[in-house]
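Put the complex together from the two separate chains, hints included.
Those protein sequences? They're chains H and F, same order as listed.
Start counting the first sequence at 1; every next residue gets the next number (the numbering used here).
Start counting the second sequence at 182; every next residue gets the next number (the numbering used here).
Worth double-checking, as some hints may not be accurate.
[Claimed, not checked] One-sided and incomplete, this derived list gives chain H residues near chain F with beta-carbon spacing under 8 Å:
1) LEU4
2) ILE5
3) VAL10
4) LEU11
5) GLU26
6) ALA32
[What the hints assert, rightly or not] Examples of chain H residues toward chain F, derived with CB under 7 Å:
7) ALA18
8) LEU22
9) ILE33
10) ILE170
Source of the hints: derived by calculation from the structure; they are not laboratory data.
We put the CB at the ideal spot given by N, CA and C, even for glycine.
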Amino acid sequence: MRKLILLPLVLAVICGVAAGALTWVESVTGGAIEARAVEARQAALRVVLPDATTFVDRSDDPALAEDPNVLEVNQGERDGQPVGLVFLVSTTGYGGSVQVLVGVDAAGSLSALKVMSAAGETAGLGTRITEPWFQEQFAGKSGSLQFGPGLDSLTGATISARAVLNAANIALKAFPLLWGR
Amino acid sequence: MRGMLADFRNGLLTENPVLRLVLGLCPALAVSTALMNGFWMGVAVTFVLTASNLLISLIRGFIPSRVRIPCFIVVIATFVTVVDLSMNAFLPEMHKILGIFVPLIVVNCIILARAEAFASRRPALNAVADGLGMGLGFTVALMLVSAVREFLGTANLVVGSTPLFGDGLPFAPAKVMTLPPGAFITLGLAVALLNVLTRKPPAARAHGAREEVSA
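Same shape as in the complex, but just chain F (with noise of 0.2 Å):
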């Protein structure tokens, strides 16, 4: 029960999925390529992410280890197709642009990452806790990167269904920002950003390496 809080910023920043731990990174390319697809893909991540967190810590005395991935997947891969049927019931626009993606976040790393090294070891509060967290930094992470994407790259941005610079503003749209080495390179320099802005003083990096050496 204790440390939620803490559990729910790690996702954020310390262990962001995309921009830290580099996780994920599959759809994260794929699917930046307007703000709105970032958007949404984030949301179907969150919701399969934070579901199968509580659903996993709620049986965890009841799974045996061994059969553990299993069960894990098995858990997963439902609240998955839960998504998937109902963004094509309700979501049809964005079920068609998203595509593959959605049921392809059975395989993402992220989620049987924290099944494996949280949700499994901690009370179910936590659990959610964690999913929400890391879930919203995934969000986050991607609607910055197809942000800069889309408005680099057609020189507009389109919010819910309406363009927020009418006809785009009067620059030469960079059609490379919408293509895949757009999604690189942005994806490359929203890394490097964070790195720079969270920087530790020497003293305490010095400090870290040396941790992180005997560990």
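Looking at chain H on its own, in the form it has when it is part of the complex (with noise of 0.2 Å):
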């Protein structure tokens, strides 16, 4: 009886103990690599979107509430000047979701895109949307876009290139509720 009591105890104590001494190192650390997060993910965001200096988050914006596939808002911002727009889309690929970040400049077309996630498409077929080719010849790209003549698509991936190419319409979509309010 004294053992169910102590064993328990003594275990409860260390771990108290440790709970209390990372809370401090916790305190210490934490301002440090939040700080590095928030830059790494300014870095990413400004691939797309290279104007911004600094980024606004605005993914609650009810104008956004119908759509499910845009899953962040973030707005670019100059001097406090609003400079774009960088979305991350989701969409279906060919064996799950593909995640696009897609910038999209002041004058309403894409700035560049980049292909965040792409872990369910066929490794050497569907995987080519990672390719810097393919994600390049959608720069400065505007309206509602079709493969076609200056915008390819990939052999034996059409449903994953579709998963890239839709991204990018939902943003181009996406941006006129957005821009300038």
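Structural data, given as structure tokens:
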């Protein structure tokens, strides 16, 4: 009976002390880790919208409520003036969701896009959507995009390529809903 | 208090965790692709080993033997989390390279083995000496393996963040050395080399063999 109380008690005391110590370490290191995570995120956003220096999160904007494909929106700003929007769009690929970061500049044309996650796509075929030449050909396009002259799809990876195209179109369509508001 | 020097030296050669006990191979094989990786992994393990040895030795009278393993693991996990958070905050580049192998120090058998076999039965200072010795032995072994792999695999050696040989030495790097097979080859040769270097004379060996049988 004594053991029944003693054993858990000892363990609880040790765990309690450990938790206290870790709380303190977390409070010391948390700031630096957080700052770096924010910086890494901003750097990733800057890849698709190079004109911007800072980004403001607008993911909670009510205009986006009906579009489940848009996961996040960040407004890029330079000297306090908005220069474009960056959308994180999720679309359906061949084997699960494909996540694409799409930058749209002030004129409403696509500045750049970057495939962030294509884990479910077929290796060697669908995963070619992450190749630079495929992603770069979207730059400067606007309106409703279709594959054709000037915008190549991928042989043997029609569905994966279309997932990226859909993501670009979703972002271009969502842009006017949010821009300037 | 006595025998601290012997406890310290024990981990360096006689019971070197990697080259003699062949423990903790998971990080030893995985991160030993470059000298600095080996060094920082060794520092992380040495810190966890020494700190957990000290604390476990200090509270050894307080821990009932029935729950000693969970207690040890909580102590070890705490120090590993401290290392993980500190590296993430102050050595972000290295944290990214070592990745999952920093949190995995929790299940590194060297640390639990030293806690169970040594720290939980000895005075605090001896436990610290043992932790430092074992940790240093681990670090040196890892640096040795990773230096060989990096040198042969990239024809260069990076110390701090400066390459020692500029654009690399004029020989074709053997890519295989930085890949997993290179780790096994290098580690195997290092273990063999240490065995040859420390081989006892035949008479002593026969004696040692009898001892092993009777044990």
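Comparing the hints with the structure gives:
1. Taken as an interface hint, H:LEU4 does not check out: its beta carbon lies about 11 Å from the nearest beta carbon of chain F, beyond 8 Å.
2. Violation of the interface hint for H:ILE5 is found here, the shortest Cβ-Cβ separation to chain F being roughly 11 Å, above the 8 Å cut-off.
3. Checking H:VAL10 against chain F: minimum C-beta separation of about 6 Å stays under 8 Å; hint holds.
4. A cut of 8 Å between beta carbons decides the hint on H:LEU11: the least distance to chain F is about 5 Å, and the hint holds.
5. Interface restraint check for H:GLU26: the shortest CB-CB distance to chain F comes to about 6 Å, inside 8 Å, so the restraint holds.
6. A least Cβ separation of about 4 Å between H:ALA32 and chain F falls short of the 8 Å threshold, and the interface hint therefore holds.
7. Evaluation of the H:ALA18 hint against chain F yields a held restraint, the C-beta minimum of about 4 Å falling below 7 Å.
8. This hint holds: H:LEU22 has a C-beta 6 Å from the nearest C-beta of chain F, less than the 7 Å allowed.
9. Because the closest C-beta pair between H:ILE33 and chain F is about 5 Å apart, less than 7 Å, the hint holds.
10. The beta carbon of H:ILE170 is not positioned within 7 Å of any beta carbon in chain F (closest approach about 32 Å), and the interface hint is therefore violated.
Hint check: violations occur at hints 1, 2, 10; the rest are consistent with the structure.
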